[in-house]
Amino acid sequence: MTGPGAQSATTRPLRVLTIGHSYVVALNQRVPAAVAADSRIRLTLAAPRFHYGDLRRITLEKIADPAYTIVPLPARLTRWNHLFWYDHRALRHLARGSAFDVVHAWEEPYTYAGYQIARAVGPTGARLLFRTAQSIVKRYPWPFSRFERRTLARADGWVAGGHLVYDAMTRKGFPADRGRVITLGVDMEVFRPAPEPARAAVRRELGLEAPVIGFVGRLVAAKGLDVVMEALERVRRPWTLLVLGSGPYENRLRSWAATHGWERRVHVRLAHHNDVPRFLAAMDLLLAPSQTTPSWKEQFGRMVIEAFACGVAVVGSDSGEIPRVIGDAGVVLPETDVERWAVTTDELLANDGRRRDLGRRGLERCRTRYDVRQVAAQYVDFYLELARRGPRAESRDRDEV
Numbered sequence: 159m160t161g162p163g164a165q166s167a168t169t170r171p172l173r174v175l176t177i178g179h180s181y182v183v184a185l186n187q188r189v190p191a192a193v194a195a196d197s198r199i200r201l202t203l204a205a206p207r208f209h210y211g212d213l214r215r216i217t218l219e220k221i222a223d224p225a226y227t228i229v230p231l232p233a234r235l236t237r238w239n240h241l242f243w244y245d246h247r248a249l250r251h252l253a254r255g256s257a258f259d260v261v262h263a264w265e266e267p268y269t270y271a272g273y274q275i276a277r278a279v280g281p282t283g284a285r286l287l288f289r290t291a292q293s294i295v296k297r298y299p300w301p302f303s304r305f306e307r308r309t310l311a312r313a314d315g316w317v318a319g320g321h322l323v324y325d326a327m328t329r330k331g332f333p334a335d336r337g338r339v340i341t342l343g344v345d346m347e348v349f350r351p352a353p354e355p356a357r358a359a360v361r362r363e364l365g366l367e368a369p370v371i372g373f374v375g376r377l378v379a380a381k382g383l384d385v386v387m388e389a390l391e392r393v394r395r396p397w398t399l400l401v402l403g404s405g406p407y408e409n410r411l412r413s414w415a416a417t418h419g420w421e422r423r424v425h426v427r428l429a430h431h432n433d434v435p436r437f438l439a440a441m442d443l444l445l446a447p448s449q450t451t452p453s454w455k456e457q458f459g460r461m462v463i464e465a466f467a468c469g470v471a472v473v474g475s476d477s478g479e480i481p482r483v484i485g486d487a488g489v490v491l492p493e494t495d496v497e498r499w500a501v502t503t504d505e506l507l508a509n510d511g512r513r514r515d516l517g518r519r520g521l522e523r524c525r526t527r528y529d530v531r532q533v534a535a536q537y538v539d540f541y542l543e544l545a546r547r548g549p550r551a552e553s554r555d556r557d558e559v
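Start counting at 1 in the sequence shown, then tack on 158, and there's your number in this note's numbering.
Derived from the structure by calculation, the hints contain no laboratory data.
Please read these numbers as outputs of a predicted model, since none were measured by experiment.
Watch out, some of these pointers could steer you wrong.
[To be verified] Pairs of lysine to aspartate or glutamate, EDC-like flavour, derived with a Cα cap of 16 Å:
1. K455 - D325
2. K296 - D325
3. K455 - D476
4. K455 - E493
Input sequences plus hints: build the corresponding full structure.
Here is the structure:
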């Protein structure tokens with residue numbers, strides 16, 4: 159065996175580079191931080207020096223006392239994830255100048271950034287893997303089809319963000335033996351249940367009256383906001399709706415609230431990332447009514463596991479990966495059955511004990527499946543496995559990257 163991976167992981171820590179635009183937000187560095195806590199790994203994390211998010215231009219954030227090296231990279235066109243690109247020279251210098259054993263691209267293989275990373279790793283002996291969240295088999299137009307094909311040809315492994323994604327990508331032709339399902343994780347020291355005085359303080363701060371129904375995510379049709387509005391029109395018990403997110407449905411939500419005279423009951427807020435855990439913990443019930451469309455299915459449902467970690471009862475649709483994520487720790491409903499959504503919401507608002515039971519079950523499911531330490535351990539195992547593998551045979555595909 160040749161290359162940096164040739165040295166046994168038992169004689170020195172494995173040198174791993176993980177790189178992705180989502181790491182500009184400190185909360186998204188929690189899994190890498192847990193990876194870096196493993197003595198067998200020496201981790202370097204790279205991300206754009208800044209990236210445009212929903213709220214603002216985000217300068218690369220850092221968690222307190224990181225156990226890994228953080229490398230800010232110049233990047234351009236960061237408003238568009240398909241097209242944005244890292245500075246070529248800086249990326250190549252990082253990938254080829256540090257003798258990494260494993261390079262983990264937290265970018266889709268069909269994006270230009272993902273292709274860039276594959277090219278930068280190019281002739282090095284590093285094992286390359288990428289993460290994908292494609293839940294539907296899609297054929298991309300040129301040049302994205304070219305990016306995906308050549309990134310896949312160079313990769314030694316790939317990570318699917320859920321079982322639905324893994325199944326879709328193996329049908330598309332991704333090699334099953336090189337793939338793993340590793341879900342998103344949640345830091346349960348950040349997202350956690352709040353005592354009632356803290357919950358009441360948040361409600362006062364935001365002008366909410368209990369019970370609080372929550373929604374977290376992009377404000378678009380596919381996330382099921384029409385179902386939320388229609389169902390709440392039929393709910394008989396008092397409620398307040400807290401919507402955390404942004405998108406084209408914001409005006410529709412506000413108009414709907416005004417039509418019914420519910421301006422004091424419906425609160426739409428674009429929250430800072432650091433505020434989401436305490437706002438979420440103040441909710442009594444989270445609705446996740448994602449809708450399947452011809453071009454999209456719910457790829458995972460981060461809001462579900464974050465609600466679980468906060469001990470909040472969850473009702474989710476049967477779209478995509480959501481039923482698998484929820485399991486028996488929440489309620490799963492047909493995505494378009496508005497009457498079922500209304501009745502179930504009404505029943506849960508009336509039954510504090512049932513909500514508390516669901517909250518306990520969700521919290522336990524999160525501890526055993528989605529805690530960042532559980533997820534990080536899976537990445538460490540995969541990194542070590544990749545490093546132990548012999549070098550792949552050189553091919554025209556690899557030369558073309």
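Each hint tested on the structure:
no. : hint        : verdict
1   : K455 - D325 : holds (13 Å)
2   : K296 - D325 : holds (13 Å)
3   : K455 - D476 : holds (10 Å)
4   : K455 - E493 : holds (11 Å)
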